[in-house]
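A.B. asks: Take a look at the letters that make up each chain.
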Amino acid sequence: MNLLMLFISSSLVSNVVLSRFLGICPFLGVSNKVKTASGMGIAVVFVIFISTFVTFIINRYLLLATGIFNTDLTYLQTIVFILVIAALVQMVEMFLKKFIKPLYEALGVYLPLITTNCAVLGVALTVVDIKKYPTIKEALVYALGTSIGFLLAIVMLATIRERIENNNIPEAFKGKPIVLVTASLMSIAFYGFSMLNIGG
Amino acid sequence: MKIMIVSTLLMGTLGILIGLVLGFFSKIFYVEVDENIKKIRDILPGNNCGGCGYAGCDNLAEAIAKNEADVNACPVGGVEVANKISKLLGKESKETDKKVAFVSCDGNCKNVSKIYNYNGPMSCKMISKMPNENDKRCRYACIGCGDCMSVCAFGAIKIIDGVAEIDKEKCVFCKKCIEVCPKHVINEVFYERSVRVKCSSKDIGKIAKDVCSVSCIACKICEKNCPESAIKVENNVSHIDYEKCTDCKICVEKCPRKCIVAV
Numbered sequence: 001m002n003l004l005m006l007f008i009s010s011s012l013v014s015n016v017v018l019s020r021f022l023g024i025c026p027f028l029g030v031s032n033k034v035k036t037a038s039g040m041g042i043a044v045v046f047v048i049f050i051s052t053f054v055t056f057i058i059n060r061y062l063l064l065a066t067g068i069f070n071t072d073l074t075y076l077q078t079i080v081f082i083l084v085i086a087a088l089v090q091m092v093e094m095f096l097k098k099f100i101k102p103l104y105e106a107l108g109v110y111l112p113l114i115t116t117n118c119a120v121l122g123v124a125l126t127v128v129d130i131k132k133y134p135t136i137k138e139a140l141v142y143a144l145g146t147s148i149g150f151l152l153a154i155v156m157l158a159t160i161r162e163r164i165e166n167n168n169i170p171e172a173f174k175g176k177p178i179v180l181v182t183a184s185l186m187s188i189a190f191y192g193f194s195m196l197n198i199g200g
Numbered sequence: 001m002k003i004m005i006v007s008t009l010l011m012g013t014l015g016i017l018i019g020l021v022l023g024f025f026s027k028i029f030y031v032e033v034d035e036n037i038k039k040i041r042d043i044l045p046g047n048n049c050g051g052c053g054y055a056g057c058d059n060l061a062e063a064i065a066k067n068e069a070d071v072n073a074c075p076v077g078g079v080e081v082a083n084k085i086s087k088l089l090g091k092e093s094k095e096t097d098k099k100v101a102f103v104s105c106d107g108n109c110k111n112v113s114k115i116y117n118y119n120g121p122m123s124c125k126m127i128s129k130m131p132n133e134n135d136k137r138c139r140y141a142c143i144g145c146g147d148c149m150s151v152c153a154f155g156a157i158k159i160i161d162g163v164a165e166i167d168k169e170k171c172v173f174c175k176k177c178i179e180v181c182p183k184h185v186i187n188e189v190f191y192e193r194s195v196r197v198k199c200s201s202k203d204i205g206k207i208a209k210d211v212c213s214v215s216c217i218a219c220k221i222c223e224k225n226c227p228e229s230a231i232k233v234e235n236n237v238s239h240i241d242y243e244k245c246t247d248c249k250i251c252v253e254k255c256p257r258k259c260i261v262a263v
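Protein sequence lines, in the order shown, are assigned to chains D and Y.
So the first sequence is numbered by this note's numbering: it starts at 1 and just counts up by one.
So the second sequence is numbered by this note's numbering: it starts at 1 and just counts up by one.
Since the hints were made in silico from the structure, they are not lab data.
Careful: at least some of the hints might be erroneous.
[Said to hold, decoys possible] Once the Cα atoms are required to be at most 27 Å apart in a straight line, the calculated DSSO-like pairs of lysine-lysine come out as: (1) K176(D) / K125(Y); (2) K244(Y) / K258(Y); (3) K97(D) / K66(Y); (4) K258(Y) / K174(D); (5) K98(D) / K244(Y); (6) K39(Y) / K101(D); (7) K174(D) / K175(Y); (8) K33(D) / K158(Y); (9) K97(D) / K244(Y); (10) K158(Y) / K174(D); (11) K27(Y) / K97(D); (12) K232(Y) / K209(Y).
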């Protein structure tokens with residue numbers, strides 16, 4: 001039950017894009033077609049899941065004072081995590097290029113941009129909290145919840161944008177402005193989830 | 001001191017380890033890239049204008065290498081680029097009939113008057129949603145706000161006296177203006193041929209004559225006088241079939257409205 005609650009709260013209640021404002025760049029950049037948006041979302045789910053797994057282990061066994069060095073190296077978290085995430089994204093890119101070429105082409109420049117997607121680093125830096133995420137189980141459920149929240153948000157925005165495309169929008173709102181307005185309305189809608197009462 | 005040594009050691013080992021793993025992975029997931037794609041890409045102009053119908057020069061290079069596109073698919077590079085690519089691939093290049101965009105309207109301020117004063121945003125698309133679909137009396141006329149001028153990446157379009165004019169030397173036929181024009185007055189014509197119909201009015205003769213002094217009134221004089229029968233009047237406006245046209249310019253002389261011109 002606790003894990004389910006964690007999943008729902010991380011994916012809906014505190015949605016990574018719509019209420020914590022992380023990962024806005026791909027959210028606005030790759031959301032003009034549902035196909036590429038879902039591709040991007042799935043790539044982010046994949047990268048967040050693996051990077052959280054790796055960074056969690058690195059943090060627990062190398063960086064914390066209880067790790068193998070017996071030294072408190074937590075100040076190295078940011079730089080080590082960025083290094084690991086960048087390498088992971090590179091690997092995902094090579095993997096996609098070899099096995100799923102259409103997805104690789106559809107994502108284009110946005111795949112390397114996952115490297116600097118703050119949602120990925122944000123999750124990695126959130127799960128270092130030992131009290132809230134005592135074991136890797138919680139950390140992975142949190143990572144999955146967050147990334148699926150991202151996937152949900154980007155696919156929803158993409159479907160709305162595909163419909164906006166055919167509408168007659170005032171000149172001043174064309175392009176990015178209408179997308180930002182849409183995103184903020186979605187954010188308000190997601191705010192409703194904060195009243196959600198899970199399991200009493 | 002210990003912290004310093006340990007952190008340096010940690011970062012160093014991590015860096016080396018990740019480097020090794022990445023190198024290893026790039027060996028496993030190595031994808032062979034066709035040498036030709038890179039060479040073709042270097043020959044292409046690199047404007048990424050999308051005139052060929054592909055997303056950019058990279059995609060066109062790939063399509064050419066895969067034989068999906070012709071060597072002369074790039075409208076910007078023209079014959080020169082086509083020859084270079086065909087030399088590289090050892091293929092015969094089809095002689096390209098160079099095309100350019102042409103504004104089929106001469107409804108400038110002298111020839112056609114306005115029916116109301118428009119004061120909104122200066123955009124052809126906006127005005128085409130206004131009453132009469134135009135602020136000029138002819139609803140098929142070039143609006144002249146320069147939507148085409150702003151999409152032209154090559155500076156080939158100028159608005160002269162309320163009508164767009166395309167410099168055929170600068171035009172690379174990327175078709176951006178043809179797409180953006182809400183009145184559809186920009187057409188494709190052959191660079192080599194000089195005879196052009198400079199009117200798009202689909203109104204019947206009387207109305208066309210009423211609203212503009214250089215409109216095609218579908219009198220069919222050109223159709224009757226053309227020795228090659230290359231001109232057809234369709235939808236109340238003359239059309240030239242360039243397959244048959246021999247550039248004799250008889251129609252230019254005979255046209256009573258002077259809407260068939262030689263440039």
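A.B. asks: Would you mind marking each hint as holding or not holding in the structure?
C.D. replies: Structure-based check of each hint:
1. K176(D) / K125(Y): Holds, at roughly 19 Å.
2. K244(Y) / K258(Y): Since the Cα atoms of K244(Y) and K258(Y) sit roughly 21 Å apart, the hinted pair holds (cutoff 27 Å).
3. K97(D) / K66(Y): Between K97(D) and K66(Y) the Cα gap is close to 18 Å, so the pair holds against 27 Å.
4. K258(Y) / K174(D): Roughly 41 Å separates the two Cα atoms, so the pair is violated.
5. K98(D) / K244(Y): At roughly 51 Å apart (the allowed maximum being 27 Å), K244(Y) and K98(D) break the hint.
6. K39(Y) / K101(D): Given that 27 Å is the threshold and the Cα spacing comes to 21 Å, the pair holds.
7. K174(D) / K175(Y): holds (22 Å)
8. K33(D) / K158(Y): At roughly 35 Å apart (the allowed maximum being 27 Å), K158(Y) and K33(D) break the hint.
9. K97(D) / K244(Y): Between K97(D) and K244(Y) the Cα gap is close to 50 Å, so the pair fails against 27 Å, i.e. violated.
10. K158(Y) / K174(D): holds (25 Å)
11. K27(Y) / K97(D): holds (13 Å)
12. K232(Y) / K209(Y): Roughly 19 Å between the alpha carbons, so the hint for K232(Y) and K209(Y) holds.
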